[in-house]
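Protein chains: 2
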Amino acid sequence: MKYYSYDDFKIDTLSLIQRVKDSQFEAIVAVARGGLTLSHAMAEGLDIRQVQSIRTELYDKSVKRDKLEVFDACRLDGLKKVLVVDDIADSGDTLKAVMEYLGKKYEDIEFVSCTIFYKKTSVYEPHYWINEADGWIDFFWERDFLR
Amino acid sequence: MKYYSYDDFKIDTLSLIQRVKDSQFEAIVAVARGGLTLSHAMAEGLDIRQVQSIRTELYDKSVKRDKLEVFDACRLDGLKKVLVVDDIADSGDTLKAVMEYLGKKYEDIEFVSCTIFYKKTSVYEPHYWINEADGWIDFFWERDFLR
Numbered sequence: 001m002k003y004y005s006y007d008d009f010k011i012d013t014l015s016l017i018q019r020v021k022d023s024q025f026e027a028i029v030a031v032a033r034g035g036l037t038l039s040h041a042m043a044e045g046l047d048i049r050q051v052q053s054i055r056t057e058l059y060d061k062s063v064k065r066d067k068l069e070v071f072d073a074c075r076l077d078g079l080k081k082v083l084v085v086d087d088i089a090d091s092g093d094t095l096k097a098v099m100e101y102l103g104k105k106y107e108d109i110e111f112v113s114c115t116i117f118y119k120k121t122s123v124y125e126p127h128y129w130i131n132e133a134d135g136w137i138d139f140f141w142e143r144d145f146l147r
Numbered sequence: 001m002k003y004y005s006y007d008d009f010k011i012d013t014l015s016l017i018q019r020v021k022d023s024q025f026e027a028i029v030a031v032a033r034g035g036l037t038l039s040h041a042m043a044e045g046l047d048i049r050q051v052q053s054i055r056t057e058l059y060d061k062s063v064k065r066d067k068l069e070v071f072d073a074c075r076l077d078g079l080k081k082v083l084v085v086d087d088i089a090d091s092g093d094t095l096k097a098v099m100e101y102l103g104k105k106y107e108d109i110e111f112v113s114c115t116i117f118y119k120k121t122s123v124y125e126p127h128y129w130i131n132e133a134d135g136w137i138d139f140f141w142e143r144d145f146l147r
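Just so you know, the protein sequences line up as chains A and B, in that order.
So the first sequence is numbered by the UniProt record's numbering: it starts at 1 and just counts up by one.
So the second sequence is numbered by the UniProt record's numbering: it starts at 1 and just counts up by one.
Every clue listed holds true.
Residues of chain B placed beyond 10 Å of chain A at every Cβ, according to the derived structure:
id: 1; residue: Tyr-59
id: 2; residue: Lys-67
id: 3; residue: Leu-79
id: 4; residue: Lys-81
id: 5; residue: Ser-91
id: 6; residue: Tyr-101
id: 7; residue: Gly-103
id: 8; residue: Val-112
id: 9; residue: Tyr-124
id: 10; residue: Glu-125
Below, computed lysine-lysine pairings styled on DSSO-like, alpha-carbon distance capped at 27 Å:
id: 11; chain 1: A; residue 1: Lys-21; chain 2: A; residue 2: Lys-104
id: 12; chain 1: A; residue 1: Lys-10; chain 2: B; residue 2: Lys-2
id: 13; chain 1: A; residue 1: Lys-2; chain 2: B; residue 2: Lys-10
id: 14; chain 1: B; residue 1: Lys-105; chain 2: A; residue 2: Lys-105
In short, the hints are calculated from the structure, not lab data.
No residue lacks a Cβ here, since even glycine has one placed at the ideal position from N, Cα and C.
Looking at chain A on its own, in the form it has when it is part of the complex (with noise of 0.2 Å):
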């Protein structure tokens, strides 16, 4: 298991910023909790104003294959590009729901995502992305806040 600083992601995070910075996004939606830090950053790094959040949960555990349920408090009528942020694209699942999710309910705005890790296992593969990951990743922001 190897530990993700704060260091490392301002790295990464500016390699991304970079990445995406030509693209005109007017809002970010950040997948939470994971992506959230790394949203607030982009946000700023873009000049992007508008960040709201959706999630996913698992909503029955007993099929054989997961299932998850998309929670969405966006709003987001009106707008036309919109840059979608997790923290990693791990199995792959929950951004591949979100994607679709997202996609069936604005079909008028473009989607676009981008993680700074991504696994080739995965079954969804982000628009942009920076490290693959071949193992588990200890987020900065999932040990340094635990009690």
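With chain A's structure known, arrange chain B on it following the hints.
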């Protein structure tokens, strides 16, 4: 202007978690953008999965007293106790507007506010705050990701 680093933030956030941990909050409302990184850290430390966001904007700069409009993407129905998180109560206008708005919209929910910084000149004092601020604070999330 004082640079507020991630290391400072880690110490203060752990104090803030300690202060509010005995209340059983079911959700966090993050005041975007300033409260997003803190909300993520608090959500991890308090083991709260629901993090939603809210933001304000000036809607008429011509009037003497600046007026704030609240942009609300929260769905809080059915909850009882919600923590509202922002980085600083500076003028206090934002947090005052958000707390009044939420209190009116959800009469059955108890909203408790917290920030890391509080200025004595603020028109609103959060229920919990850690440091008194006397000048401009250069938060790491505003500084470290500028291109």
